[in-house]
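Top to bottom, those sequences are chains C and A. Sequential numbering of the first sequence, starting at 1, is according to this note's numbering. Sequential numbering of the second sequence, starting at 155, is according to this note's numbering.
Think of the hints as simulated: they come from the structure by calculation, not from any bench. Please read these numbers as outputs of a predicted model, since none were measured by experiment. A portion of the hints provided could be inaccurate.
[Said to hold, decoys possible] Quick list of in silico lysine-lysine cross-link-like pairs, DSSO-like style, CA-CA up to 27 Å:
id : chain 1 : residue 1 : chain 2 : residue 2
1  : C       : LYS83     : C       : LYS40
2  : C       : LYS83     : A       : LYS175
3  : A       : LYS175    : A       : LYS238
4  : C       : LYS53     : A       : LYS175
5  : C       : LYS83     : A       : LYS238
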Amino acid sequence: MTSRRNFLIAAGGLAGGAEFACAPAGAQATPAAMQEAIRKVTGPSRVRSGRVKLDLPPLIDNGNSVSLSVAVESPMTPADHVKAIHVFTEKNPLPNVVSVYLGPRAGRANIATRVRIADTQTVTAIAETSDGSFWSGSMHVVVTLSACLEEGLI
Amino acid sequence: MANAVVNVPATTRRGEIIEIKALVRHAMETGFRRTQLGALIPRDIIRQFVCLYNGVEIFRAELHPAIAANPLLAFSTVATESGKIEFRWTGDGGFSLTESAAITVV
Chain C
1 MTSRRNFLIA AGGLAGGAEF ACAPAGAQAT PAAMQEAIRK VTGPSRVRSG RVKLDLPPLI
61 DNGNSVSLSV AVESPMTPAD HVKAIHVFTE KNPLPNVVSV YLGPRAGRAN IATRVRIADT
121 QTVTAIAETS DGSFWSGSMH VVVTLSACLE EGLI
Chain A
155 MANAVVNVPA TTRRGEIIEI KALVRHAMET GFRRTQLGAL IPRDIIRQFV CLYNGVEIFR
215 AELHPAIAAN PLLAFSTVAT ESGKIEFRWT GDGGFSLTES AAITVV
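If we strip away everything but chain C, and leave its shape as in the complex, we get (with noise of 0.2 Å):
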């Protein structure tokens, strides 16, 4: 029978094993760079602040999974919905998170997913609609425990 120290033991073997040490935080986006991926998305479209709602848990213990959840307004009918959701970051290594796109079939344009988020920080989603206008919504976040970008942690 195993003891239970030996177990511990073993135990402490096989997780020292599996982990893997982080990168260094040498990779990571700016405001600017996000600012690049909006205007990759947009063109030069005028973005408007409105209309989308990004619902994130304002306070981040662990930011290896948070869920994010975008709602938008809009009647979804053939004439008039929305054609795209994009989401980004100012500070994970890359500003992209997610693009969605969905059209008047989808009813509602909601959308939940999980996300990693990597530091306190501005997040951001951009709706485009069926007539070609952009809508922003923006939340910031407060990370305790970022996804995996620290230095040594492990």
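Let chain C serve as the given structure and place chain A on it in line with the hints.
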């Protein structure tokens, strides 16, 4: 355990807006992490997710490394007719997975 779990109401009324949830088992390795020896772990993520309702695309998502492991996507659609709702995930390293669910519209 299945590699993908999808949640679609089995029966619904015509015209009703239904919520669809799709969860897939995948590590979503970001490509920014290193091993203890300092070697960069190559990126291995799901790049695209497509949902088809009786063969017609109703929802598409492009995923980036900022999506958490085991990607979950929740979205909605209007129940128009009975049939099959198909889910397709494709990603790095030739990753490809298909799942489907039947829906009855009364």
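Original post:
Is LYS83 of chain C within 27 Å of LYS40 of chain C, Cα to Cα?
Top reply: Holds: LYS83 of chain C and LYS40 of chain C sit about 16 Å apart, inside 27 Å.
Original post:
Is the straight-line distance between the alpha-carbon of LYS53 of chain C and that of LYS175 of chain A 27 Å or less?
Top reply: Given that 27 Å is the threshold and the Cα spacing comes to 20 Å, the pair holds.
Subject >> Satisfaction of hint between LYS238 of chain A and LYS83 of chain C, Cα-Cα up to 27 Å >> reply: holds, 23 Å
Subject >> 27 Å Cα cutoff - pair LYS83 of chain C, LYS175 of chain A >> reply: holds, 20 Å
**OP:** With a cut-off of 27 Å on the C-alpha distance, tell me whether LYS175 of chain A and LYS238 of chain A pass.
**Re:** holds, 15 Å
In summary, the structure agrees with every hint in the numbered list given earlier.
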